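Starting from the given sequences, assemble the full structure and let the hints guide the process.
Number of protein chains: 2
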Amino acid sequence: MAIKFAARMENIKGSAIRELLKLTEDPSIISFAGGLPAPELFPVKELEEVTVKVLREDGRAALQYSTTEGFLPLREKIVQRMKKASVECMPNDILVTAGSQQGLEFSGKIFVNEGDIIICESPSYLGALNAFKAYQPKFVEISMDEDGMIIEELEKALEQNPNAKFIYTIPDFQNPTGRTMSLERRKKLIELAYKYDIPVVEDNPYGELRFDGEILPSIKSFDTKGLVIYLGTFSKTFCPGLRLGWVLASPEILTKYILVKQGADLQCSTIAQREVSKFLEMYDLEKHIENLIKIYRKRRDLMIQTMEKEFPAGVSFTRPQGGLFTWVTFPEHMDAAEIMKKSLEVKVAFVPGQSFFPNGEFKNHGRFNYSNMPEDKIVEGITRLGKVLKSMI
Amino acid sequence: MAIKFAARMENIKGSAIRELLKLTEDPSIISFAGGLPAPELFPVKELEEVTVKVLREDGRAALQYSTTEGFLPLREKIVQRMKKASVECMPNDILVTAGSQQGLEFSGKIFVNEGDIIICESPSYLGALNAFKAYQPKFVEISMDEDGMIIEELEKALEQNPNAKFIYTIPDFQNPTGRTMSLERRKKLIELAYKYDIPVVEDNPYGELRFDGEILPSIKSFDTKGLVIYLGTFSKTFCPGLRLGWVLASPEILTKYILVKQGADLQCSTIAQREVSKFLEMYDLEKHIENLIKIYRKRRDLMIQTMEKEFPAGVSFTRPQGGLFTWVTFPEHMDAAEIMKKSLEVKVAFVPGQSFFPNGEFKNHGRFNYSNMPEDKIVEGITRLGKVLKSMI
Chain A
-17 MAIKFAARME NIKGSAIREL LKLTEDPSII SFAGGLPAPE LFPVKELEEV
33 TVKVLREDGR AALQYSTTEG FLPLREKIVQ RMKKASVECM PNDILVTAGS
83 QQGLEFSGKI FVNEGDIIIC ESPSYLGALN AFKAYQPKFV EISMDEDGMI
133 IEELEKALEQ NPNAKFIYTI PDFQNPTGRT MSLERRKKLI ELAYKYDIPV
183 VEDNPYGELR FDGEILPSIK SFDTKGLVIY LGTFSKTFCP GLRLGWVLAS
233 PEILTKYILV KQGADLQCST IAQREVSKFL EMYDLEKHIE NLIKIYRKRR
283 DLMIQTMEKE FPAGVSFTRP QGGLFTWVTF PEHMDAAEIM KKSLEVKVAF
333 VPGQSFFPNG EFKNHGRFNY SNMPEDKIVE GITRLGKVLK SMI
Chain B
-17 MAIKFAARME NIKGSAIREL LKLTEDPSII SFAGGLPAPE LFPVKELEEV
33 TVKVLREDGR AALQYSTTEG FLPLREKIVQ RMKKASVECM PNDILVTAGS
83 QQGLEFSGKI FVNEGDIIIC ESPSYLGALN AFKAYQPKFV EISMDEDGMI
133 IEELEKALEQ NPNAKFIYTI PDFQNPTGRT MSLERRKKLI ELAYKYDIPV
183 VEDNPYGELR FDGEILPSIK SFDTKGLVIY LGTFSKTFCP GLRLGWVLAS
233 PEILTKYILV KQGADLQCST IAQREVSKFL EMYDLEKHIE NLIKIYRKRR
283 DLMIQTMEKE FPAGVSFTRP QGGLFTWVTF PEHMDAAEIM KKSLEVKVAF
333 VPGQSFFPNG EFKNHGRFNY SNMPEDKIVE GITRLGKVLK SMI
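Taken in sequence, the protein lines are chains A and B. If you count the first sequence from 1, position 306 lands on 288 in the working numbering, and the numbers rise without skipping. If you count the second sequence from 1, position 230 lands on 212 in the working numbering, and the numbers rise without skipping.
Hints listed in this document are in silico derivations from the structure and should not be mistaken for laboratory results. Take these hints with a grain of salt, some might be off.
Each pair may be met inside one copy or between any two copies, as identical chains are not told apart.
As the list claims (entries may be wrong) - The list that follows gives simulated cross-link-like pairs (lysine-lysine, DSS-like), each with its CA atoms no further than 30 Å apart: (1) K4 - K35; (2) K369 - K59; (3) K329 - K120; (4) K369 - K323; (5) K(-5) - K120; (6) K(-14) - K207; (7) K170 - K(-14).
On a predicted model such as this, the values are computed, not experimentally measured, just so you know.
As structure tokens, then:
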């Protein structure tokens, strides 16, 4: 028997991270591999209260089918939240999705014919790249510095690739690098999007988790022509287990996302949407986020300080102003997969960086998550890895 | 500005039903249009208890990311449920999905290249057809009689279409016709699948809601070669608002569904999976289903009896042994869309049948749902429609 799958399936590989996560379920391993928020901060008690209320007030509606677009009171509250990203919008501009991951997958489906170009940061979020790959695009990677995508390179890429379908960017505390695009570059990016008439997919799961300084205006906030598609999520500010995020886009574009959502799974969980909406009425999410920031900031500080102290010369790393990750660059001749092997021997895990490059060129990087490990384990894990690195260099 | 969408988007249209549902939100309308289960039967109180328990026992895990495959204890319980369909399987054969709708969408993605053939019943489930259309297939429709797909026609189609990628069938109380495939035809269908080496997507959302006689063995139960992909759901036996269903398939095929799920939305809601699993531990779902059957059977009986009494000669309808729908055939010269217009004038709604035919040939049918309306409204609505029909014939 030879089952004939669609050609696109040859492009779809498992996420190296998800495979790694299985390895690191062993509790004796200190894992910087995942992108998980800290579960000890989840509002478990509050969610219980909220659920009881939702079920008692209108349990039947909460368990029934509802509209594809999403629960209106929740969309109204998302409109309010978008002000933090300096965006003015209306509930009808918003579609509720199963995390921002679903918005990413839809973006591939809606825009990409086989062979089309997606322009993205180099490196970029693995889960997005994998979702896009199902639609058989080619990737043009734009180098980054500490201020995000290098704009001159972006312009060259736009000039040379008239079949580019969209620019994919994570401007705030990027996954995997932790870097943030500067205000100036955000403005230049939107200018280029207009000049080349190309949509921008702005993926912003971490923006509200800023430890230092002020939140920068989103790229969407500068968009007067409706070319920016903004993806948001409750996974990092509330909890990921409910699988709720959103797409914000202009009507012509959002219509396509709604149609695709209908075919994909009809709608998001009715009760989950009502729970988050009720939570936002009953509790102060801002206060919860402040608490997250306080704890994650401390974890970042500890990780960076310990890296400064324990990593040998020749190993560098980013200093994120928020989010969940720092990006480590090893000497060019080193292969992070080899380092990971030795690192696992001392029970420390991280994600080797190669799979974050859609064309797979660079092997000497690693992504380190600090949000999911307690402080003592951060110090212990980075110290152990420091020893491994010293022995290898 | 001219945004360049992917070619597939030209194929994606809104579901006529979902648009209709908006019309029928007016509570003064008696609607047979939706495919909604009766909300007054949802286990609201039980779900409250279950949620409190899940959150108190392991709230942090319930709100965190988890595996793509799904919560193992839930998959173990699905294995048990599959025995009702005469299937022996293992938890690793199962992927938890966002309703069976997601399993349908994935089937298109996994198997269909542009121009490939999907073989399906004529008529077939609109939501499946819409999900498949994103992958630009052609549809070959197989006529049905009261015993389901006509097997001779299926064999001819398989012979003539070597690029057919799968057979899509809803063997039990089919949507929209309410018809059930006979045992003999199930066996012949699997023989043909083997002969032509073609996968079968067996969609079974209603199978457990049988009002008369015994549940027939699923097509999957005859499958020794792993060619049948079985889609199940909790939407009709428990509640649709949680968005939980499953795919059961052989390892080679299931691997593809898992990879696609990872890109699509990473995983289903962690807490929803734990809630359903806990419900199945604490309560007797069989008893709940018995109750559903008792009430839906009465509603079906009333709808059929009233149709027999009130519809004029020349109008026929199916007599489903379970599920949610009956399928009405109007005289050939009549257009159901026209009937629907007049019907709405007397505040009665149903779904005109044309969109259930993927190639759109037949206009003289309508789908009627009886699960979502109380008994008096069923009698009143069908009686009103009977008058409309008499005036038109």
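These are the hints, each one checked on the structure:
no. : hint          : verdict
1   : K4 - K35      : between (36 Å within a copy, 27 Å between copies)
2   : K369 - K59    : neither (48 Å within a copy, 47 Å between copies)
3   : K329 - K120   : neither (37 Å within a copy, 53 Å between copies)
4   : K369 - K323   : within (14 Å within a copy, 77 Å between copies)
5   : K(-5) - K120  : both (16 Å within a copy, 27 Å between copies)
6   : K(-14) - K207 : between (43 Å within a copy, 15 Å between copies)
7   : K170 - K(-14) : between (46 Å within a copy, 22 Å between copies)
When the structure is compared with the earlier hints, violations turn up for hints 2 and 3 and for no others.
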